[in-house]
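Engineer: We have chain A already, so just place chain B on it with the hints.
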Amino acid sequence: MKKYLYGFQLFFLDAFHYRFNAVVQLFFGNVSTVVTVLFWVLIYRSNGAGDINGFSLTDMVAYYIVSSIVRGGVFSNSGFHYAGLIKEGKLSSELLKPYSINASLYFRNLAGYITGTFPQFVLVVLLLPVLARAGVSVLHVRNLLLLLAFMSLSTISSHMVWSILGLMAFWLEEVHAVMWSFAVLFNMISGMFLPLDFFPQAFLSVIRWLPFSCWTYLPTKACLGLTTPGESALLLGVNAAWIAVLWGLQRIVWGAGVRRYASVGG
Amino acid sequence: MDEIISVRNVRKEFRIHERPEGLKNGIGDFFHRKYICRTAVRNVSFSIDRGEIVGLLGENGAGKTTMLKLLTGILFPTEGKVTVSGFTPTDRKKEFLKGISFVMGNRSEVNWDLPAMDTFRYQQLVYEVPEDMFRENLNLLSVLLEVQDLLKVPIRRLSLGERMKMELINSFLYSPRIVFLDEPTLGLDLKSQIAVRGFLKAYRREKNTTVIITSHYMDDIEETCDRVILLGRGEKIYDGSIGELKAPDQPFKEIILNLIKDEKGQ
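Protein sequences, first through last, are from chains A and B. Residue numbering for the first sequence follows this note's numbering, starting at -19 and increasing by one per position. Residue numbering for the second sequence follows this note's numbering, starting at 64 and increasing by one per position.
None of these hints come from the bench; they were simulated from the model. One thing to keep in mind: the hints can contain errors.
[Claimed, not checked] Listed next, the in silico DSS-like pairs over lysine-lysine satisfying Cα-Cα at most 25 Å (straight line): (1) A:Lys77 / B:Lys215; (2) B:Lys144 / A:Lys(-18); (3) B:Lys254 / A:Lys77; (4) B:Lys270 / A:Lys70; (5) A:Lys(-18) / A:Lys77; (6) A:Lys77 / B:Lys87.
[Claimed, not checked] Sample of chain B residues facing chain A (criterion: CB under 7 Å; computed from the structure): (7) Leu86; (8) Glu172; (9) Trp175.
Every residue, glycine too, gets a C-beta built ideally from N, C-alpha and C.
Just chain A, with the same shape it has in the complex:
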């Protein structure tokens, strides 16, 4: 475990080596969230109605602010990283190390998430009083624990799903277009673009049992206190089961793929 944590530490050192870049990231990391929130403010104002699909403007703003922290925990980088290692032949060095390539990649992404999401944490902390005045309590202990539990599962399941996609490079070599296409689909069905409540009920009743809803929608709703303890416990169990299935699937794909690895580039 120590080696993975040291790899984690090296990532931090690396990220803060270029100070100007780190500071710019800190100040501009929230631009997309702020722009999205502004869009929704405009939509609500032009609509004139108090709520859309049961979401008031406050609910919507709170959803996007909280989900800005949550969605960074979707480790799509795992797929791109695997694909790059395979295509460029850099997997060779990883294959020689006496560690789990999968675990090493997971911890590197975790370090990336913590460094990359720092601006969003700052934004949420700054907005806490505003959200509290509007009746949204993010600091409820039960809600925070649920957020943490859902996010722990979402980092692992997203790492698994994206790894499986990245491992397709063993067969296809170049998989970026495939992965970007899946990214759009996954972002939609995980609730990253819109809360899943906006979709038809029949669709939602299916999608909530898939691992993708845990990537943004469920943790955000849990953090905002919009799920019951029983429902949350059931969904946490379902997502834990998905991780077991995905882990098995990833092992099968890895086992078949690594035999085809050509280690190009000398």
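Structural biologist: Using the frame of chain A, we list chain B on its own:
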């Protein structure tokens, strides 16, 4: 004799996409792809004893690097059996991986932005090297390679020769029982080449490590190796001493002359 590496009737084939030149052919290729099967290693057998330094010699494309990749488990053989230290390399057993090291002259293992010392500490954790052994090895290696003053300088600030020396330290830090070196002097100036060769000889004297080195520089092989395996178009065509190989009546004179010519024109 104590056999540490055994290679029996190993063959490695690659399926390669043959891409025609020009736009018209390129469009045709999109719909109808042509693949060729290239045999990089053909029915090669040999064994290596503990403590030997063996040179894999051959022209470009002779199969030297592929052979090393088969010995280290990066590639799966199409046919035949490879055993190293009693392990099948492709099983990637932790004990096997902790006992080998593979230095690739054209690939960097050390972190570009951080001082070498950070990478060495990471290597210590990955290979579970006790602190005393780490200190002792680091001291020995940095003295042998004369880089004691450079351990805290970011790698990107070092010259090519200095970087190669850091790669060597990184690869020898955990006292591997078998070291695979692929073109370790590639691109280095004469002074650095001499330093690397001197280091290999001194290190072998000190630790009795088994070393397999590929190079198409005759000097690398002549100065460091006890024995030479000559590969030509993937086949083993000679296995014996360097003195016998250079004898006037040997049938491989043309290959040797080409290698010497390459070296002079480097």
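Engineer: Need the list of violated hint numbers for this structure, in ascending order.
Structural biologist: 2, 3, 4, 6, 7 and 9
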